[in-house]
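Heads up: the sequence lines are chains A and B, in that order.
FYI, in my numbering the residues of the first sequence are 3 to 137.
FYI, in my numbering the residues of the second sequence are 5 to 272.
No lab work stands behind these hints, which were simulated from the structure alone.
One thing to keep in mind: the hints can contain errors.
Stated by the list, open to error - Chain A is faced by these chain B residues, among others (derived, beta-carbon under 10 angstroms):
id	residue
1	Tyr10
2	Arg12
3	Pro13
4	Pro40
5	Met42
6	Leu52
7	Asp54
8	Ser56
9	Asp104
10	His109
11	Arg186
Quick caveat: nothing in here was measured; it's all calculated off a predicted structure.
Yeah, the Cβ is synthetic: ideal placement off N, Cα and C, and Gly gets one too.
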Amino acid sequence: MRENLRLTGTHVGCDTSQCGACVVHLDGKAVKSCTTLAVMADGHEVKTIEGLAADGAPLHPMQEAFREHHGLQCGFCTPGMIMTAVDLVHRKGHELSDEVIREELEGNLCRCTGYQNIVASIAAGAKAMAKSDLA
Amino acid sequence: MYEFKYHRPGTVRQAANLLVKNEDAKLIAGGHTLVPVMKQRLASPPHLVDLSHIEGLDTIEMKGRSLVIGATAKHAEVANSAIVGEAIPALAELAGLIGDPAVRHRGTIGGSLANNDPTADYPAAVLALGATIVTNKRRLKAEEYFQGLFSTALEADEIITKVMFPVPKKAAYIKFRNQASRYALVGVFVAKRPSDVRVAVTGAGSDGVFRATAFEEALKKRFSHKVLDGIAVPAEGLNSDLHGSAEYRAHLIGVLTRRAVEAANAKD
Ligand SMILES: Cc1cc2nc3c(=O)[nH]c(=O)nc-3n(C[C@H](O)[C@H](O)[C@H](O)COP(=O)(O)OP(=O)(O)OC[C@H]3O[C@@H](n4cnc5c(N)ncnc54)[C@H](O)[C@@H]3O)c2cc1C
Ligand code: FES
Ligand code: FES
Numbered sequence: 003m004r005e006n007l008r009l010t011g012t013h014v015g016c017d018t019s020q021c022g023a024c025v026v027h028l029d030g031k032a033v034k035s036c037t038t039l040a041v042m043a044d045g046h047e048v049k050t051i052e053g054l055a056a057d058g059a060p061l062h063p064m065q066e067a068f069r070e071h072h073g074l075q076c077g078f079c080t081p082g083m084i085m086t087a088v089d090l091v092h093r094k095g096h097e098l099s100d101e102v103i104r105e106e107l108e109g110n111l112c113r114c115t116g117y118q119n120i121v122a123s124i125a126a127g128a129k130a131m132a133k134s135d136l137a
Numbered sequence: 005m006y007e008f009k010y011h012r013p014g015t016v017r018q019a020a021n022l023l024v025k026n027e028d029a030k031l032i033a034g035g036h037t038l039v040p041v042m043k044q045r046l047a048s049p050p051h052l053v054d055l056s057h058i059e060g061l062d063t064i065e066m067k068g069r070s071l072v073i074g075a076t077a078k079h080a081e082v083a084n085s086a087i088v089g090e091a092i093p094a095l096a097e098l099a100g101l102i103g104d105p106a107v108r109h110r111g112t113i114g115g116s117l118a119n120n121d122p123t124a125d126y127p128a129a130v131l132a133l134g135a136t137i138v139t140n141k142r143r144l145k146a147e148e149y150f151q152g153l154f155s156t157a158l159e160a161d162e163i164i165t166k167v168m169f170p171v172p173k174k175a176a177y178i179k180f181r182n183q184a185s186r187y188a189l190v191g192v193f194v195a196k197r198p199s200d201v202r203v204a205v206t207g208a209g210s211d212g213v214f215r216a217t218a219f220e221e222a223l224k225k226r227f228s229h230k231v232l233d234g235i236a237v238p239a240e241g242l243n244s245d246l247h248g249s250a251e252y253r254a255h256l257i258g259v260l261t262r263r264a265v266e267a268a269n270a271k272d
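Just chain A, same shape as in the assembly (with noise of 0.2 angstroms):
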């Protein structure tokens, strides 16, 4: 993806199925693409971070979120962040607890923000995606 589709977008952070900085859409569900095999997925629709919301239009609500409330710092971690946020929404619906995000975040590794503001932002990228047209 990131080499011959120029799809920067998706990190890796560790390559060892750790991190969840490479988190992308299988089918909808979030898997970890470091440990996904490319050939596996032919045939099957692969979502990443820049798939969210059109070239130049509005950010995608749980972009959105994550921007209004200082969900990143280095922002390395992020796309994984947000794609696992909205596989969450689609599996648990759109009222989030703290103790619901901070167990499905299970797979996710941050080392700048301490996590509080990525739950809040999710938990508000929740909400907002009630109100969207995006998926």
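Given the structure of chain A, go ahead and fit chain B with the ligands onto it with the hints provided.
Structure of chain B with the ligands alone, referenced to chain A:
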């Protein structure tokens, strides 16, 4: 990545033929064990046979008194299945404790059992519930299936097709996570079955999953955590590493077994 040939069979029979025809071919299901191993060059199979596109191999259903889970059922599917939740809720909970949400979207029960990691969760459920592993060739009882660290009774060209779990009267799984890997530092699955009680321990044994028979005998007389007072699992033969000593693991087995029995009784 180095080069390998990728095969996408549509049936178990085709997959089996590919394994027979190509020596050193490896099956891949979720890839969440095999891909990391390949990236580290600890394995470099020249042929990969993808099980994930075989229709019906991930079916979850009740067959008589048994819960039958197809080999390529993903951890998230088992965790969220209404059928599993109804028949053996402890098994659904166990699947929901594996790794993280993204891992659960890819990893499969068949892959986990074929790998038989000594700290994996499913082996504890399979051994405690007395499940049967069904392959393209035969049926294997849990006791004969697990054969030590990363080792099973599977032959090189044998494919797990499903796992049959007899429904217990009560069951619970309690996992104490390794803080770094989130695998089980110790995990205990307790099952009260119609004829006996089984306590299976993962994460602790230097030879992989095992049964705590002293606990089983006491619990068979009376299924209450109180009967466990004064009984302990010896530390000999348990893992000792930077995450915990053998004594610590032995202690955890006692604590988690008590909690599992309490949890199983609380489900009434
Ligand atoms: C970050 C991370 C955290 C994890 N945490 C946990 C955890 O907490 N607890 C836990 O139990 N596991 C954990 N796992 C392991 C995870 O559950 C794996 O998915 C699982 O062990 C292997 O399943 P798979 O389908 O991915 O197998 P694959 O990687 O595709 O295959 C594994 C092995 O099994 C063989 N195989 C696969 N399917 C079959 C079959 N049907 N018949 C015969 N052989 C087969 C393959 O040839 C290969 O040798 C974790 C993994 C990761 C990456
Ligand atoms: S790069 Fe995939 S999980 Fe870290
Ligand atoms: S913002 Fe820097 S790693 Fe999360």
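The hints, checked one at a time:
1. Tyr10: This hint holds: Tyr10/B lies near chain A, its Cβ roughly 5 angstroms from the closest one there, short of 10 angstroms.
2. Arg12: 8 angstroms, holds
3. Pro13: This hint is violated: Pro13/B lies away from chain A, its Cβ roughly 13 angstroms from the closest one there, beyond 10 angstroms.
4. Pro40: 6 angstroms, holds
5. Met42: 9 angstroms, holds
6. Leu52: Hint holds; Leu52/B Cβ to chain A Cβ min 8 angstroms, cut 10 angstroms.
7. Asp54: Holds, about 6 angstroms.
8. Ser56: With Cβ-Cβ at 6 angstroms, under 10 angstroms, it holds.
9. Asp104: Because about 3 angstroms separates Asp104/B from the closest Cβ in chain A, which is inside the 10 angstroms limit, the hint holds.
10. His109: This hint holds: His109/B lies near chain A, its Cβ roughly 5 angstroms from the closest one there, short of 10 angstroms.
11. Arg186: Because about 7 angstroms separates Arg186/B from the closest Cβ in chain A, which is inside the 10 angstroms limit, the hint holds.
Checked against the numbered hints above, the structure breaks only hint 3 and satisfies the rest.
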